[in-house]
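Going down the list, the protein sequences come from chains W and C.
Oh and the first sequence: position 199 is 199 in our numbering, straight run, nothing missing.
Oh and the second sequence: position 263 is 263 in our numbering, straight run, nothing missing.
All clues given are correct.
Identical chains blur together in the list; that is why a pair holds if it fits in one copy or across any two.
Within a straight-line C-alpha distance of at most 35 Å, the following computed DSBU-like cross-link-like pairs (lysine-lysine) qualify:
#1 K110 / K11
#2 K297 / K200
#3 K199 / K18
#4 K199 / K40
#5 K100 / K149
#6 K297 / K269
#7 K175 / K131
#8 K40 / K202
#9 K18 / K100
#10 K11 / K100
#11 K200 / K18
#12 K110 / K18
#13 K149 / K110
#14 K40 / K149
In short, the hints are calculated from the structure, not lab data.
What follows is each chain in one-letter form.
There are 2 protein chains.
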Amino acid sequence: MNRLLEEFIFKRLPNWMKLVNGGLGIDYPDDAAAIPIGEKYLVITTDSYTVTPIFFRGGDIGKLAASGTINDVLMLGGTPIAALDSIVVEEGLEEDVFEKILNSMFDIFKVNGVSLIGGDFKVMPRGQLDKIIITTVGIGIAEQLIADKNLKPGDKIIVSGNIAEHGITIYAEQKGFLEKSDLRSDVRPLIDLMIPLFKKYKNEIHAASDPTRGGLAATLNYWASISNTAIVVEEEKVPVRDVVKNYCEVLGLDPFNLASEGVAVLGVKSEVAEKILEDVHSIGYEDAEIIGEVREKESASLVIARTSVGGYRIIEPPVGEIVPRIC
Amino acid sequence: MNRLLEEFIFKRLPNWMKLVNGGLGIDYPDDAAAIPIGEKYLVITTDSYTVTPIFFRGGDIGKLAASGTINDVLMLGGTPIAALDSIVVEEGLEEDVFEKILNSMFDIFKVNGVSLIGGDFKVMPRGQLDKIIITTVGIGIAEQLIADKNLKPGDKIIVSGNIAEHGITIYAEQKGFLEKSDLRSDVRPLIDLMIPLFKKYKNEIHAASDPTRGGLAATLNYWASISNTAIVVEEEKVPVRDVVKNYCEVLGLDPFNLASEGVAVLGVKSEVAEKILEDVHSIGYEDAEIIGEVREKESASLVIARTSVGGYRIIEPPVGEIVPRIC
Numbered sequence: 001m002n003r004l005l006e007e008f009i010f011k012r013l014p015n016w017m018k019l020v021n022g023g024l025g026i027d028y029p030d031d032a033a034a035i036p037i038g039e040k041y042l043v044i045t046t047d048s049y050t051v052t053p054i055f056f057r058g059g060d061i062g063k064l065a066a067s068g069t070i071n072d073v074l075m076l077g078g079t080p081i082a083a084l085d086s087i088v089v090e091e092g093l094e095e096d097v098f099e100k101i102l103n104s105m106f107d108i109f110k111v112n113g114v115s116l117i118g119g120d121f122k123v124m125p126r127g128q129l130d131k132i133i134i135t136t137v138g139i140g141i142a143e144q145l146i147a148d149k150n151l152k153p154g155d156k157i158i159v160s161g162n163i164a165e166h167g168i169t170i171y172a173e174q175k176g177f178l179e180k181s182d183l184r185s186d187v188r189p190l191i192d193l194m195i196p197l198f199k200k201y202k203n204e205i206h207a208a209s210d211p212t213r214g215g216l217a218a219t220l221n222y223w224a225s226i227s228n229t230a231i232v233v234e235e236e237k238v239p240v241r242d243v244v245k246n247y248c249e250v251l252g253l254d255p256f257n258l259a260s261e262g263v264a265v266l267g268v269k270s271e272v273a274e275k276i277l278e279d280v281h282s283i284g285y286e287d288a289e290i291i292g293e294v295r296e297k298e299s300a301s302l303v304i305a306r307t308s309v310g311g312y313r314i315i316e317p318p319v320g321e322i323v324p325r326i327c
Numbered sequence: 001m002n003r004l005l006e007e008f009i010f011k012r013l014p015n016w017m018k019l020v021n022g023g024l025g026i027d028y029p030d031d032a033a034a035i036p037i038g039e040k041y042l043v044i045t046t047d048s049y050t051v052t053p054i055f056f057r058g059g060d061i062g063k064l065a066a067s068g069t070i071n072d073v074l075m076l077g078g079t080p081i082a083a084l085d086s087i088v089v090e091e092g093l094e095e096d097v098f099e100k101i102l103n104s105m106f107d108i109f110k111v112n113g114v115s116l117i118g119g120d121f122k123v124m125p126r127g128q129l130d131k132i133i134i135t136t137v138g139i140g141i142a143e144q145l146i147a148d149k150n151l152k153p154g155d156k157i158i159v160s161g162n163i164a165e166h167g168i169t170i171y172a173e174q175k176g177f178l179e180k181s182d183l184r185s186d187v188r189p190l191i192d193l194m195i196p197l198f199k200k201y202k203n204e205i206h207a208a209s210d211p212t213r214g215g216l217a218a219t220l221n222y223w224a225s226i227s228n229t230a231i232v233v234e235e236e237k238v239p240v241r242d243v244v245k246n247y248c249e250v251l252g253l254d255p256f257n258l259a260s261e262g263v264a265v266l267g268v269k270s271e272v273a274e275k276i277l278e279d280v281h282s283i284g285y286e287d288a289e290i291i292g293e294v295r296e297k298e299s300a301s302l303v304i305a306r307t308s309v310g311g312y313r314i315i316e317p318p319v320g321e322i323v324p325r326i327c
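Whole structure, please, built from the sequences with the hints as guidance.
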């Protein structure tokens, strides 16, 4: 995927085309793009949502699309104000299915004060598309961008909740293994968490991401590489529920590689890390933990986990089929 | 489609959710949405592009997506500055196909000074999608919005070139009838046409659209209904090439219903209509014509064509399969 992006996209574009007015552009693949407007930034994100099954325990593709859109704007430091949607459905998709999905999407936008100001709707002939693809545009205003390249040695890494819940749920749904467990997707918008943090810690949050596609492993590897650092994680501090661990073991999966859709990963100034953690807990994200810290890189940028028995393992960026398929 | 939008979307959203800050929102289905920013407007559009075949005479889905994005921003009065793309491909799509499509898209953006500042890329399992869907976001800045509801009785209607060229080409490609004709899609960005007109006729262009899905019939019916007017078209003034007419006759199609992807329809103040037409010609759009005028509505908003033999026919908004399938 990275090779494709590099070879087919980044290399082909002249520099002026990659960004506008000194903002964040396409060769800086953060959660969103940004265009400076006066003293502030316009934050814009787009994402196409496909998921099988379209209804899953804990949500559906509509809730996923709206939450993901809001979270992508937030993770660049933006307050979401508006969204647009472009929906492509297979001819013959049942009206009540379509209605349920739209209502899920609208509800999330409505509760979070995000307007839906435009969109597009297309129908593809039967057989050319499996059910539905929702592409969303998220628009926000940021006083200050949280650009993940600003992560610094010494910073602490906080995760706001149990990881891998969405990824394992979808995987188990697909394989028919879900039934008797209490697994459910964690999909939700993180506006209640992030907006108070922006206000209180304007300059102390150096990086923020939602670990969706490729999970925590992808997020931290991307952070290390873009900020030219090494990240050391205490594996036993990373919050993963036992049921998720057990499923991962049986299915041969690593929770570090599985998507969360309702978790924020934050890279914060060491001095305020404990205070931020307390605030995150008091907002209601009780499973949040400080899971590690950022170091100077030695030979290469990388992510290492210290295991409970005192050894180390390198956390590789995840590759392969699971990444595109379930997010 | 209108019923779906009304029933499932517009009715469900509280008023505050439909727009931002007094701009143009989702229940005003123009070519794009707008958010006031200071004295200007941020113009935002999104569209999902699907077309069969993905390579057609005169272009491909990449050129179509980039041109359509630029044109949608222009038709609301915006100068396009940036775009984002979200591409979903079927697993196994050949790299050289993907590369050709991307290059077509990039070329259009590049030549027109539009940055590509972000995007998303997803792969769907084989069989769940036929080849590729490109969803784009277009972003522009408008000094003055061209909101089609401002069309007024007395205004003249100008089309910038021969209509129906894209629609008939795609249709003929699909049916295998294309070979010996000189049909080709007219897909192209209209930045060279529109930007000079914005500058010179800031207050005299009351409405602008590119007659894509549903063709001129859909555009004019939408204009009449949103501006509460009647539009009378001189049928013989509407520029349609003979080859297109002949194809339409054989295939039982009406050129008024077929998409153009490189034509602007303008509703302009009567006093400057001839001057604007001259300018449009001198910019290089030599087939442009004044095709009709706007009247007070009598019993209902509608579009009427005066035929060459002096009779009248009502131009209905097109419905049915051809509309979603070929655009």
